[in-house]
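**Student:** Given next are the chains, with one letter for each unit.
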Amino acid sequence: MNSIKQTLPRAVLLLLLCTVVCGVLYTGVVTAAAQIFFKDTANGSIIEVNGKKYGSELLAQEYTDEAHMWGRIMNLDTATFKDENGTPLLYAAPSNLSPASEEYKALIAERTEKTRNANPDMKDAPIPVDLVTVSGSGLDPHISPAAASYQVARLAKANDMTEKEINDIISKCTTKKLLGVFGEETVNVLKVNLMLDGIL
Amino acid sequence: MMLAVLQYALYILLLIAAAIPLGAYIGKVMNGEKCLLTKLCTPCEKAVYKLMRVKSDEQMTAKKYTVSVVVFLAVGFVVLFLLQLLQGVLPLNPQGLSGVKWDLAFNTAVSFVTNTNWQTYSGESTLSYLTQALGLTVQNFVSAATGIAVLFALIRGFLKVKSTGLGSFWVDITRIMLYILLPLNIIISLCLVGGGVVQSVKPYEKVDLLEPVTILSESGTEIITQQIVPLGAAASQIAIKQTGTNGGGFFGANSAHPLENPNAVTNLIEMLSILLIPASLCFTFGRNVKNKKQGYAIFAAMLICLIASLSVIAVNEHLATPQLAQAGSVDISAVNQAGGNMEGKEARFGIASSATWAAFTTAASSGSVNSMHDSYTPFGGMMTMLLIQLGEVVFGGVGNGLYGMLAFAILTVFIAGLMVGRTPEFLGKKIEPFEMKWAVLVCLATPAAILIGSGIAAAVPEVAQSLKNGGAHGFSEMLYAFSSAGGNNGSAFAGFNANTVFLNISLGISMLFARFLPIVGTLAIAGSLAGKKKIATTAGTLSTTNGLFVFLLIFVVLLIGALSFFPALALGPIAEFFGSIS
Numbered sequence: 001m002n003s004i005k006q007t008l009p010r011a012v013l014l015l016l017l018c019t020v021v022c023g024v025l026y027t028g029v030v031t032a033a034a035q036i037f038f039k040d041t042a043n044g045s046i047i048e049v050n051g052k053k054y055g056s057e058l059l060a061q062e063y064t065d066e067a068h069m070w071g072r073i074m075n076l077d078t079a080t081f082k083d084e085n086g087t088p089l090l091y092a093a094p095s096n097l098s099p100a101s102e103e104y105k106a107l108i109a110e111r112t113e114k115t116r117n118a119n120p121d122m123k124d125a126p127i128p129v130d131l132v133t134v135s136g137s138g139l140d141p142h143i144s145p146a147a148a149s150y151q152v153a154r155l156a157k158a159n160d161m162t163e164k165e166i167n168d169i170i171s172k173c174t175t176k177k178l179l180g181v182f183g184e185e186t187v188n189v190l191k192v193n194l195m196l197d198g199i200l
Numbered sequence: 001m002m003l004a005v006l007q008y009a010l011y012i013l014l015l016i017a018a019a020i021p022l023g024a025y026i027g028k029v030m031n032g033e034k035c036l037l038t039k040l041c042t043p044c045e046k047a048v049y050k051l052m053r054v055k056s057d058e059q060m061t062a063k064k065y066t067v068s069v070v071v072f073l074a075v076g077f078v079v080l081f082l083l084q085l086l087q088g089v090l091p092l093n094p095q096g097l098s099g100v101k102w103d104l105a106f107n108t109a110v111s112f113v114t115n116t117n118w119q120t121y122s123g124e125s126t127l128s129y130l131t132q133a134l135g136l137t138v139q140n141f142v143s144a145a146t147g148i149a150v151l152f153a154l155i156r157g158f159l160k161v162k163s164t165g166l167g168s169f170w171v172d173i174t175r176i177m178l179y180i181l182l183p184l185n186i187i188i189s190l191c192l193v194g195g196g197v198v199q200s201v202k203p204y205e206k207v208d209l210l211e212p213v214t215i216l217s218e219s220g221t222e223i224i225t226q227q228i229v230p231l232g233a234a235a236s237q238i239a240i241k242q243t244g245t246n247g248g249g250f251f252g253a254n255s256a257h258p259l260e261n262p263n264a265v266t267n268l269i270e271m272l273s274i275l276l277i278p279a280s281l282c283f284t285f286g287r288n289v290k291n292k293k294q295g296y297a298i299f300a301a302m303l304i305c306l307i308a309s310l311s312v313i314a315v316n317e318h319l320a321t322p323q324l325a326q327a328g329s330v331d332i333s334a335v336n337q338a339g340g341n342m343e344g345k346e347a348r349f350g351i352a353s354s355a356t357w358a359a360f361t362t363a364a365s366s367g368s369v370n371s372m373h374d375s376y377t378p379f380g381g382m383m384t385m386l387l388i389q390l391g392e393v394v395f396g397g398v399g400n401g402l403y404g405m406l407a408f409a410i411l412t413v414f415i416a417g418l419m420v421g422r423t424p425e426f427l428g429k430k431i432e433p434f435e436m437k438w439a440v441l442v443c444l445a446t447p448a449a450i451l452i453g454s455g456i457a458a459a460v461p462e463v464a465q466s467l468k469n470g471g472a473h474g475f476s477e478m479l480y481a482f483s484s485a486g487g488n489n490g491s492a493f494a495g496f497n498a499n500t501v502f503l504n505i506s507l508g509i510s511m512l513f514a515r516f517l518p519i520v521g522t523l524a525i526a527g528s529l530a531g532k533k534k535i536a537t538t539a540g541t542l543s544t545t546n547g548l549f550v551f552l553l554i555f556v557v558l559l560i561g562a563l564s565f566f567p568a569l570a571l572g573p574i575a576e577f578f579g580s581i582s
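Taken in order, these protein sequences are the chains called X and B.
Numbering of the first sequence is given in my numbering, commencing with residue 1 and proceeding in unit increments.
Numbering of the second sequence is given in my numbering, commencing with residue 1 and proceeding in unit increments.
Derived by calculation from the structure, the hints in this document are not laboratory data.
Only a predicted model underlies this, so the values are computations on that prediction, with no experimental measurement involved.
One should not assume that every hint holds.
As the list claims (entries may be wrong) - Just a sample of chain X residues kept apart from chain B, beta carbon distances all over 12 Å, derived:
1. GLU57
2. ASP77
3. ASP83
4. ALA118
5. PRO120
6. ASP121
7. ALA153
8. LYS157
9. ASP160
10. THR162
11. LYS164
What the hints assert, rightly or not - Below are the DSS-like pairs computed for lysine-lysine, each with C-alpha atoms no more than 27 Å apart in a straight line:
12. LYS5/X x LYS28/B
13. LYS206/B x LYS114/X
14. LYS105/X x LYS468/B
15. LYS290/B x LYS534/B
16. LYS162/B x LYS437/B
17. LYS292/B x LYS34/B
18. LYS39/X x LYS206/B
19. LYS293/B x LYS532/B
20. LYS55/B x LYS53/X
21. LYS206/B x LYS82/X
22. LYS5/X x LYS55/B
23. LYS52/X x LYS532/B
24. LYS290/B x LYS468/B
25. LYS82/X x LYS202/B
26. LYS206/B x LYS52/X
27. LYS28/B x LYS533/B
28. LYS202/B x LYS39/X
Using N, Cα and C, we set each Cβ at its ideal position, and we do this for glycine too.
Please put together the full structure from these sequences, using the hints given.
**Tutor:** As structure tokens, then:
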């Protein structure tokens, strides 16, 4: 008991010091540096054109229009966030489904069918896996180059453009692997769609 | 495919390349030798000691050291618990979030002071900026520092001869914070901010959707035209969450969230940070007990287990499942895409960066994720679970991974000693019944917490409602939850809804048990070893640095870890696998 009495004030003091140093100073310094040097990305990489905020480069939106490139399947969450008027705001979550169950098999079959019907030019070509799966965050803003190529014919027709024009847009929105090795090559879906709409 | 293999190999090599110099640096810091930051930090250090009225050469007994650890953690718990309950009336809460419910606040407070960082909430919709910065960020730091401090007390136990002092807990924490964790995390968080991670105290952004979404609601249909972009002081917390093997995500989706881990650069930094300190400490250990080979031997045992389990995860995730492949209708090849099992994985990480992260995070007791383990293939998911169940000793958490592994090493020399009929000794200290008793308790703390916890939970009817998937996979979700809590890991098969009163409390108790028993045991062993004399190495001494010892050590870890869990795993992932191919 005696040793606890000795220890307690020191423990409280040390935690207080740590709170000031790590909670206030450390967090504050990093926030200040971020707001000075990396203002855009530190505040959510918002794409703003002529005062209108078209979304975050890093957060997926759901696209079902034939003239837009489709992204990963989204598991929409419209219950968590609401604006001041109580209107739901879009967010998303991962599926957390096991990829080895019979229900999952049926779900993927359904998505495969839907994707195939939307892209008649691709006939029976296998569908890139990114287009029928939900991502880890549910908000994945990217798809693979294979998943982008799969949609080129449809996008060209729907937008009255040549396939080359579509491919040019895709390559403008493609990020290569880091140093050619790390991570994967990706296409940013929102950017492609903003370019298709002539906004970017 | 070759490129994927190269990627795996480079991740491991980069880790080793970074761990060796950091290990030497940490060793210097803890011995009080001169190092890079001595000039800068010494004045701060002295000021802290003066303020706290601590003598820098104080020597605590094992008991005093233990009491200091426990009291320090208890104070941290109380503060974090209250911060959450009261956040609704405290400042820096632009979203106007209300106070956290008591059972969730208890679970979260326990989770962060025990370095588990199990989360049954989503940060962006539950915790205010104030709670995140003053509560969670701080506990991320101090719980990590505590783990390292206890390890150093144990190292001193091996070094000291006929003495009772294990160093001062206050001095250890101060030095670890000032010389190691703060500078390292300032560098890493600045790199992350530069890489594009969010760091802001502004309110969340609202942006317009390109295509409005129509949803069904109680009042008919509703059209959603805006999306939310959550913000916060994320990068600074993510840095310590990774380096301190804490793992608690700033956002609910953890490092799979694009604002928390936006690209390959940030992913590389965050992923290597998970194992950086745990791997370094092996080298620090070898250096400071003046037996570098011992450090290498322990490192080798851990690395072999890591590579083996990473291989199993990687192969299974690349192969995916027949349910996903749809007899060839879905393209899972690695041409122009990552391919494989992309359910629950981000396109920018693909399979290689996700599988490596999964192995790293469950080997270390980190628990941060960049892909959803619930959606792994049966065997891929099983390996992540098994790595946790081995007792978090394959690198493990900062400090606690290595002291856990040293308890296994003590067990190993004892078993080996029995086989050849010699008195077991380790690093020149005789291993006697007192050390053995505590080493066994340290080694069994994790299996006991997991098996007893999940056994009780399986018998409680309401737990079944928390499962997302049915059948064998549902059982895996529950087993994973208790493994995660009992292994102080914190990752989840996240379909499992653990935010119920019963689960918040029972998982909280598992975490406390699995964190404190090993700390108490390790310090008891340290105290006892410090009091012993040093025995000279002779030709008859069993070598603890050769290949045979490494093999034996791995064998003992597997024997205790894997065999304890085989029956449970057979009911979960193994049953699921055979179900999926039939």
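**Student:** So, for every hint listed, does it hold in this structure?
**Tutor:** Hint by hint, here is what the structure shows:
Chain B draws GLU57/X into its interface by the beta-carbon criterion, the shortest separation being 9 Å against a cut-off of 12 Å. Its closest Cβ contact with chain B, about 10 Å, brings ASP77/X to no more than 12 Å, contrary to its assignment away from the interface. Interface exclusion of ASP83/X from chain B breaks down, the closest Cβ pair being 6 Å apart, not more than 12 Å. Non-interface status of ALA118/X relative to chain B is upheld: no Cβ of that chain comes within 12 Å, the nearest being about 14 Å off.
With a cut of 12 Å on Cβ distances, PRO120/X stays outside the contact zone with chain B, its closest approach being about 15 Å. With a least beta-carbon separation of about 16 Å from chain B, ASP121/X lies farther than 12 Å from that chain, consistent with its non-interface assignment. Every CB of chain B is more than 12 Å from the CB of ALA153/X (nearest about 16 Å), matching its label as outside the interface. Annotated as non-interface, LYS157/X keeps its C-beta farther than 12 Å from every C-beta of chain B; the closest such distance is 18 Å.
ASP160/X, annotated as away from the interface, keeps every beta carbon of chain B farther than 12 Å; the closest lies near 19 Å. Taking the minimum C-beta to C-beta distance to chain B, about 21 Å, the non-interface status of THR162/X holds against the 12 Å cut. The non-interface label for LYS164/X is consistent with chain B: the shortest C-beta to C-beta separation is roughly 18 Å, beyond 12 Å. Taking the CA atoms of LYS5/X and LYS28/B, the gap is about 33 Å. The hint is violated against a cut of 27 Å.
Pair hint LYS206/B plus LYS114/X does not hold up; C-alpha atoms about 31 Å apart against a cutoff of 27 Å. Our distance criterion of 27 Å between C-alpha atoms is met by LYS105/X and LYS468/B, whose separation comes to about 16 Å. This hinted pair checks out: LYS290/B and LYS534/B have alpha carbons roughly 13 Å apart, not beyond 27 Å. The straight-line distance between the Cα atoms of LYS162/B and LYS437/B is roughly 21 Å, inside the 27 Å bound, and the hint therefore holds.
With a C-alpha separation of about 20 Å, the suggested pair LYS292/B and LYS34/B falls inside the 27 Å cut-off, and the hint holds. With a C-alpha separation of about 17 Å, the suggested pair LYS39/X and LYS206/B falls inside the 27 Å cut-off, and the hint holds. Under the criterion of a C-alpha separation no larger than 27 Å, the hint pairing LYS293/B with LYS532/B is consistent with the structure, at around 23 Å. Between LYS55/B and LYS53/X the alpha-carbon distance is near 57 Å, which puts this suggested pair outside the 27 Å criterion.
For the hint linking LYS206/B to LYS82/X, the alpha-carbon distance of about 10 Å falls within 27 Å, and the restraint holds. Only pairs whose Cα atoms come within 27 Å are accepted, and LYS5/X paired with LYS55/B is accepted, the gap being roughly 18 Å. A hinted pair counts as satisfied when its Cα atoms are at most 27 Å apart, and LYS52/X with LYS532/B does not qualify at roughly 73 Å. Of the supplied pair hints, the one linking LYS290/B and LYS468/B is violated, its CA atoms being roughly 51 Å apart against a limit of 27 Å.
Between LYS82/X and LYS202/B the alpha-carbon distance is near 17 Å, which keeps this suggested pair within the 27 Å criterion. Between the alpha carbons of LYS206/B and LYS52/X the distance comes to roughly 11 Å, so the proposed pair stays at or under 27 Å and holds. With a CA separation close to 25 Å, the supplied pair LYS28/B and LYS533/B stays within the 27 Å bound. Annotation: proposed proximity of LYS202/B to LYS39/X holds, straight-line Cα distance about 12 Å (limit 27 Å).
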